[in-house]
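Trainee: This is what each chain is made of:
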Amino acid sequence: MAAILEIQNVTKTFRGGVRAVDDVTLAVEEGEFLTILGPSGCGKTTTLRMVGGFEYPDAGRIVLDGRDVTDLPPYRRPVNMMFQDFALFPHLTVAQNIGYGLSIAGMSRREAAREVEDALRTIELLDKADRRPAELSIGQKQRVALARALIRRPKILLLDEPMSALDAKLRESMQVELKRLHDQIGLTFMMVTHDQTEALVMSDRIVVMDVGRIVQAGTPTELYDRPGTPYVANFLGTSNMVAGTVTEAADGTARVSCGAADISVALQGAAPAVGARVTLSIRPEKVVLGGGSDLPGGFNSLSGQLRDVFFHGDSVRLAIDIGAERLLNVHRQLETGLQQMPLPPVGGTVSLGFDPASVILFTGPGDASADDAE
Amino acid sequence: MATLDRDLPSGAVRQRPRRRPRSDRDLSYRALAVVTGCVLAFLYAPIATLMIFSFNDNKVMRLPFGDWTLQWYVKAFTNPQLLAAVGNSLIVAVCALAICLAIGIPTALALSRYDFPGKTVFRRLVILPITLPGIITGVSMLSFFSQLGVELSLTTVILGHGTAFAAIVITSVYARLERFDRRIIEASADLGVTPLRTFWKVTLPNIKTSIIGSSLLVFTLSFDEIPVTFFLTGRDNTLPMYIWSAIRRGITPEINAIGTVIIAVSIILIVVSAVILIQPAERRRER
Numbered sequence: 207m208a209a210i211l212e213i214q215n216v217t218k219t220f221r222g223g224v225r226a227v228d229d230v231t232l233a234v235e236e237g238e239f240l241t242i243l244g245p246s247g248c249g250k251t252t253t254l255r256m257v258g259g260f261e262y263p264d265a266g267r268i269v270l271d272g273r274d275v276t277d278l279p280p281y282r283r284p285v286n287m288m289f290q291d292f293a294l295f296p297h298l299t300v301a302q303n304i305g306y307g308l309s310i311a312g313m314s315r316r317e318a319a320r321e322v323e324d325a326l327r328t329i330e331l332l333d334k335a336d337r338r339p340a341e342l343s344i345g346q347k348q349r350v351a352l353a354r355a356l357i358r359r360p361k362i363l364l365l366d367e368p369m370s371a372l373d374a375k376l377r378e379s380m381q382v383e384l385k386r387l388h389d390q391i392g393l394t395f396m397m398v399t400h401d402q403t404e405a406l407v408m409s410d411r412i413v414v415m416d417v418g419r420i421v422q423a424g425t426p427t428e429l430y431d432r433p434g435t436p437y438v439a440n441f442l443g444t445s446n447m448v449a450g451t452v453t454e455a456a457d458g459t460a461r462v463s464c465g466a467a468d469i470s471v472a473l474q475g476a477a478p479a480v481g482a483r484v485t486l487s488i489r490p491e492k493v494v495l496g497g498g499s500d501l502p503g504g505f506n507s508l509s510g511q512l513r514d515v516f517f518h519g520d521s522v523r524l525a526i527d528i529g530a531e532r533l534l535n536v537h538r539q540l541e542t543g544l545q546q547m548p549l550p551p552v553g554g555t556v557s558l559g560f561d562p563a564s565v566i567l568f569t570g571p572g573d574a575s576a577d578d579a580e
Numbered sequence: 663m664a665t666l667d668r669d670l671p672s673g674a675v676r677q678r679p680r681r682r683p684r685s686d687r688d689l690s691y692r693a694l695a696v697v698t699g700c701v702l703a704f705l706y707a708p709i710a711t712l713m714i715f716s717f718n719d720n721k722v723m724r725l726p727f728g729d730w731t732l733q734w735y736v737k738a739f740t741n742p743q744l745l746a747a748v749g750n751s752l753i754v755a756v757c758a759l760a761i762c763l764a765i766g767i768p769t770a771l772a773l774s775r776y777d778f779p780g781k782t783v784f785r786r787l788v789i790l791p792i793t794l795p796g797i798i799t800g801v802s803m804l805s806f807f808s809q810l811g812v813e814l815s816l817t818t819v820i821l822g823h824g825t826a827f828a829a830i831v832i833t834s835v836y837a838r839l840e841r842f843d844r845r846i847i848e849a850s851a852d853l854g855v856t857p858l859r860t861f862w863k864v865t866l867p868n869i870k871t872s873i874i875g876s877s878l879l880v881f882t883l884s885f886d887e888i889p890v891t892f893f894l895t896g897r898d899n900t901l902p903m904y905i906w907s908a909i910r911r912g913i914t915p916e917i918n919a920i921g922t923v924i925i926a927v928s929i930i931l932i933v934v935s936a937v938i939l940i941q942p943a944e945r946r947r948e949r
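Protein chains in written order, with our numbering: chain A, 207 to 580; chain B, 663 to 949.
Hints were generated in silico from the structure; no laboratory data involved. Positions of the beta carbon are idealized from the N, C-alpha and C atoms, including for glycine. One thing to keep in mind: the hints can contain errors.
Stated by the list, open to error - Simulated DEER-style distance windows between Cβ atoms:
hint	chain 1	residue 1	chain 2	residue 2	range
1	B	Ala695	A	Ile344	43 to 49 Å
2	B	Pro779	A	Thr427	26 to 32 Å
3	A	Val269	B	Asp777	27 to 33 Å
To be verified - DSSO-like mimics (lysine-lysine), calculated; alpha carbons at most 27 Å apart, straight line:
hint	chain 1	residue 1	chain 2	residue 2
4	B	Lys870	A	Lys334
5	A	Lys385	A	Lys361
6	A	Lys361	B	Lys870
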């Protein structure tokens, strides 16, 4: 597959000296669903707006389908954007909103009307054709915005925080719908979001950004299971970040002393120096409860004091103190009720264990308190 | 119960709020009606007097009321001086309005859309003339024109009104622009529409009501403006100037008649504009 969009060494500094995007290079493959993920102010929206033509980069090039579009205004670019809060034209009807981009495209009136009607049928709003946007529900508005952006058959559909206006239920169903739409029409989607769940569910590939730079890019599973930095580990899903010191490192495993606990780690990359200060990332759902023979062979076996139990309905999150100010969050899916779970009272001792291969080791004390998703 | 009683002082017995007896309520409604009537009378009694006397065949405005007549209207509409003054006033109002729109709309767009050095100072300066008393604007423009050696005429009156009232269009359109979602401009560009067409297809329809509203205001203010006109007019008289000079010889029923016509036209204008402005919203609601 060829890259349909290449962002080459793009930098954008806003007045006041804020460097929103700092030397970003990124290639988007034709037909993929790419998501730029990051907290607000990380430069993700600015990057998307530069692709759309609403901001011009100070340095670098943007090449769309083999053509340099860096200096083209938005109305000359073959991409369309679905705006945050949709930006529907309040003075036009639903049908006029959808057909807006066609009236300019040199299409005959009858042809345009038929296209609009097809689009209305697809989004199941044929009966609302003559309504104004103000009379629609949020979900309907979103479908109109989507139809309006797609009707010109753009080379890339840009989505700026498309779900931010929706409530949790609608958001979930829209995620599925958008993903299905992407698979159906095979168009390249480029989305920006701060919501890690959205990114994980929908994307073929995720690009994590922070302070104007790309931190890591990869498939959702790559990023989740092999985060390259503590920042990514924390931003995608939740992670227990445990500080410690390396006591042994050989044969692809390392032992790390974390206060009262000794944890072995299956190494992915180069072995750290003995005595180095490191940060371990342990996913809450990778930790199992139980000790000794309950655990598969080779597992780390720890014990700690149960501090808190947070009930989430279908799951439970336990906060377990493993000594020396280190708190492990443990996630358990509840197959049976919470009552049936063999748990000591809060303050009691629990045994737990986890696979050394599920632990990620970051050299350096790290910043265990990296920003969480909003 | 605990929460219900929380706001009561301890020991207080909870009671249902006593409903006022019906006659009591009637009394307060009647009092309200009287007050409302007084306010309306205060606002409209003078105008009503003028309208009534325009149909009275007494030569002077005095009771008792004589016979009904339309002769003052006939007189007014056959008085060439008065008709010329009305014509002049219309010309001035229309031209001043054109100047205000030509200056006001682009200025409002610039203020709302672009950041430029000195923007705050510029905004204050363009809005300042509206806060100046007309007499100051009049005197200063008079000395300005006489320095330049420009002869006073309707043109200078038009320029004077243009300066005095442009700020009305600017503030009104600017306020509307600040309220509308700028992303719809971007959405239009995104859909392949050039900035100029975007202005016609998106910006203008969304600021239309503020333009019509401020136009009506400017037109009316210009039509009956005296202080600026007083200093800047040459041989031609506008209607308020004509009335003012005619009144020095006493209020004639003819002036009552022309006043009534102006009021009638104003009401029609207001109703028409209200219909234009409100109808789209109403139509939407009906569906």
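Trainee: For each hint, tell me whether it holds in the structure or not.
Mentor: Here is what the structure says about each hint:
no.	hint	in the structure
1	Ala695/B x Ile344/A: 43 to 49 Å	holds, 45 Å
2	Pro779/B x Thr427/A: 26 to 32 Å	violated, 52 Å
3	Val269/A x Asp777/B: 27 to 33 Å	holds, 30 Å
4	Lys870/B x Lys334/A	holds, 25 Å
5	Lys385/A x Lys361/A	holds, 17 Å
6	Lys361/A x Lys870/B	violated, 35 Å
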